[in-house]
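With chain A fixed as given, assemble chain B onto it according to the hints.
Residue numbers (this note's numbering), protein chains in the order written: chain A, 64 to 773; chain B, 3 to 153.
Keep in mind the hints are simulated off the structure, nothing from the lab. The C-beta atom is built at its ideal place from N, Cα and C for all residues, glycine as well. There could be a bad hint or two in this list.
[Stated by the list, open to error] What follows is a list of derived Cβ distance ranges for each label pair:
1. A:GLU706 <-> B:SER101: 51 to 61 Å
2. B:SER101 <-> A:ARG576: 32 to 42 Å
3. A:THR606 <-> B:SER101: 52 to 62 Å
4. A:ARG707 <-> B:SER101: 52 to 62 Å
5. B:SER101 <-> A:LEU530: 46 to 56 Å
6. A:ALA541 <-> B:SER101: 28 to 38 Å
7. B:SER101 <-> A:ALA568: 50 to 60 Å
8. A:GLU741 <-> B:SER101: 44 to 54 Å
9. A:SER683 <-> B:SER101: 44 to 54 Å
10. B:SER101 <-> A:GLY537: 40 to 50 Å
11. A:LEU575 <-> B:SER101: 29 to 39 Å
12. A:ASP614 <-> B:SER101: 44 to 54 Å
13. A:ARG597 <-> B:SER101: 39 to 49 Å
[What the hints assert, rightly or not] Listed next, the stretches of chain B that the computed footprint assigns to chain A, with coverage defined by at least 3 CB atoms under 8 Å from CB atoms of chain A:
14. 65-74
15. 143-149
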Amino acid sequence: MNPRYKTAFIVLALAIAGGCVFLFNSFYRDAKNVAIAKLNQQQLIHAREVALGIEDFFGTWIRSLSSLSQLDVIIVGNAVGKRYQQLYYEAHREQIMAITRLDERGVIVDSYPARDEVGTDLSQQKHIRELLRDHRAVVSNVFKTIDGIDAVALHVPLFRDGEFKGSIGILINFEDLARRYLDPIRVSQTGYAWVIDHDGTVLYTPNQAYIGKTIFAVMKGNEALEAIVKDMLDGHEGVARYGYDKLVDRNVGPATKYVAYMPVRLGPTFWSICVASAEQDVFADLITFRNKLAVVIGGLFVCGMVFATLGAKAWLIVTEEEKRRLAEEKLRESEARFRTVADTAPVMIWMSDTDKLCCFFNQGWLQFTGRTLDQELGNGWSEGVHAEDLERCHKVYTTSFDARDSFRMEYRLRRKDGSYGWVLDTGTPRFSADNVFLGYIGSCIDISDRKASELEAQRHRAQLAHLSRVALMGEMSASLAHELNQPLTGIVSNSAAGRRLIDAARATLPELRELLTDINADGRRASEVVRGIRSMVKKGEPTRQQMNVNDIVTSVVKIVHADAVLRACQVQISLEADLPRIDGDPVQLQQVLLNLVLNGFDAMSDTPVDLRKVMIATESNGDRTIRVSVRDHGSGIPEPLRERLFAPFFTTKTEGLGMGLAIVRSIIESHGGMIEAENAAGGGALFHFTLSVHAPVSETRVERAALASR
Amino acid sequence: MRKTKVPLSKWIARCIHPVDVTALDRSPEDIVCLVDDDPSVLKSTERLLDSDGFSVRAFSRSEEFLVYATSHQVPLVVLDIWMEHITGLEVLARLCALSPLTRVIVITGRDDLAARVTAMQIGLVVFFTKPLNENEFLTAVHDGLRLAKGL
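Chain A on its own, in the form it takes in the complex (with noise of 0.2 Å):
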């Protein structure tokens, strides 16, 4: 798939996943706010059940205490009210410990069942101080009694006229009230109730340990709790939460109680009753809800997925589809555009396909071959090639297009009329935008004028070519004769001698075969002069064939030994052994190698006699290059003429043409070289040039293509 649309599916599943998770949060989120407040609720409801029953209970007891203390008999404490007080313990026996009477100094006068508490002093007791402070009824905190049973205290002032006369009161069982109001509490699996007085003393929690401290010490610096506390001691009513991560010293991890809490009017005081429950229990209700909501949402995401999937895929394939739509328009329209161009353009234009076949013509070729488009085709145009272009035609073509190469080829064309054209054909590759290979390109022009003048140019190279090798010629005759002398000389000498041994009779045989075999020698050594002369003067046509240049060199080295002589010059040669051979016409580079040799001699005509030498050199370049060199040790080239060394008709000679160099490096250059002069470290001038190991292959054989057409 394409890596846009990776990312583009990619991003989509990441919307609906994300959508997924935020409809089951919001969802699970309210089911739970709805479960919290409903347990809320019912913590409050439970809470206050409680504390209007236990408010019930103490109004209860305080009306009938009340109603008890209105008499006179109670009030004075004689033995009737006594007995008044004995009856009513007895009638309550069930839920009350114990009757006592206290004066209003806070000290037991009667009490009843235990008679020999009478005369403790109650009066440091928080509830009894309380009592005697504001004459009114009070509850105790829960206590343990001697025989340790949890029990309240609740006593009710005694008046008489309006005075404080002490008090009556009641010790309840705790534990039979927390029994009957608070122990039933049980909310879910964790819920309970606690109970607490006005301030802060902790009177019921299912955990006896707890019972009797204050609840700032139970909670120990939890926040949370102690606001709610600080509300509860506040007497308000009211629901919470807080978070606890230890229960006393032990470690129970990080969780949550939700609590309803509720003050407990108890006359003049209160308790404040909480109702609490721990987290786990909200969600443990919750847990079916939400895998069923999981399930509801993983349908939800899965669907949403198919969905959102399989329109994605159409809409992809929908625009996939207007994109080739307008792609087909485009590569139409440029088809149209391209022929258009191509029919119209001066040039002659074909294609081929992977298969070499030609696959397309332009009109521009079709009418310079005359031929129809059917008949070119494939294979077709190469019956038009001139037939001794064709085999070098194909071979260009398919070495290029095997190696994937552009080309270049000139070859001749069957015009309409039947004759041939020169045209230069230029292929090139063609590849497709992904870089597939398609075929090749090409374009012909007609360069048949074009030839006809570079030949005429040639022709006339070679001319001046030959005319400068006869003025060297001319300038060496003296040499040449010596040359030629020399064996003639030995020629005429021998067969004197041999006359003359033969008229004298000293003629051995033996001695006149080896003085014919001298004068053979010396017969043959003058024809190579004349031919070496012959070639130099000889007006050939440019060749080329495969040589060492080394072998050059020497021959040169031959021809101009009679002129060193002479001259009283050295010629010296440095030649690298293992040469690589070259392709080039070896009567021009004698005469380039001549040219400059002579001109290294012309220069050394000051230089004193031991000091004339002249360097060759040859050596391999490593690039597919010779570089050949020739130094005189004459005076140099003055700076300013090293520009013009090479122009036509430049000359420092009295005699001469002027047209050496210019020659020369119109030879070196159509070698595919290039020559230079510069002043050699130690005086004297530097001629170097190169020769390419391959010359431009395809252009020789043009050119001797063209010549043998002429």
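Chain B in isolation, oriented as in the chain A frame:
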């Protein structure tokens, strides 16, 4: 041609050494020195001299000849003046200093007037142009040797 050249050499010889050259006999001891750096010319000239009965001492290098000349008496030398290393004219100059009585026959590839004049200035010489006219050349050698022996 013969009529013009031989009288010239004889004339020169007689002017300076007025001896009757015909009275002198050829002797195997009369060694002719030959100096030419071209092996083919050297060999053929040696052969030509040999065919006329001369003893020939051939040198392909002029230095060798000069070394030889310091330790031997050289009655006559046939010298090519167009040689590498030391030119014929230089050899001539040194030889004149070394052995002023030596007869010199110069053979040259071309009739170089400048060289001829220089040679004349240096010493007494006879000039021959290659290829050699055998009779004139051999006569000149005979004459030269006879003159040398006459001394």
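We went through each hint and held it up to the structure:
1. Checked against the hint of 51 to 61 Å, the C-beta distance between GLU706 of chain A and SER101 of chain B comes to roughly 56 Å, which is consistent with it.
2. Against the hinted window of 32 to 42 Å, the Cβ-Cβ separation of SER101 of chain B and ARG576 of chain A comes to about 38 Å, which satisfies the hint.
3. Hint check: THR606 of chain A to SER101 of chain B, Cβ distance near 56 Å, so the stated range 52 to 62 Å holds.
4. For the pair ARG707 of chain A and SER101 of chain B, the beta carbons lie near 54 Å from each other, so the given range of 52 to 62 Å is met.
5. Range check, SER101 of chain B to LEU530 of chain A: about 51 Å between beta-carbon atoms, so the 46 to 56 Å window is met.
6. Taking the beta carbon of each, ALA541 of chain A and SER101 of chain B are about 32 Å apart, inside 28 to 38 Å as hinted.
7. At about 37 Å, the beta-carbon gap between SER101 of chain B and ALA568 of chain A misses the expected band of 50 to 60 Å.
8. Checked against the hint of 44 to 54 Å, the C-beta distance between GLU741 of chain A and SER101 of chain B comes to roughly 49 Å, which is consistent with it.
9. As the Cβ distance of SER683 of chain A to SER101 of chain B is approximately 53 Å, the hint placing it in 44 to 54 Å holds.
10. The hinted range of 40 to 50 Å is satisfied by SER101 of chain B and GLY537 of chain A, whose Cβ atoms lie roughly 42 Å apart.
11. Judged by the Cβ atoms, the range 29 to 39 Å given for LEU575 of chain A and SER101 of chain B holds: they are separated by roughly 36 Å.
12. For ASP614 of chain A paired with SER101 of chain B, a C-beta distance near 45 Å keeps the hint of 44 to 54 Å intact.
13. A C-beta distance of roughly 45 Å is found between ARG597 of chain A and SER101 of chain B, which places it inside the suggested range of 39 to 49 Å.
14. Interface restraint, the segment 65-74 of chain B with chain A: violated (0 residues with C-beta to C-beta distance below 8 Å; minimum three).
15. Given as covered by chain A, the segment 143-149 of chain B fails the check, having 0 residues with a CB less than 8 Å from a CB of that chain where 3 are the minimum.
The structure fails hints 7, 14, 15 (numbered hints given earlier, in ascending order).
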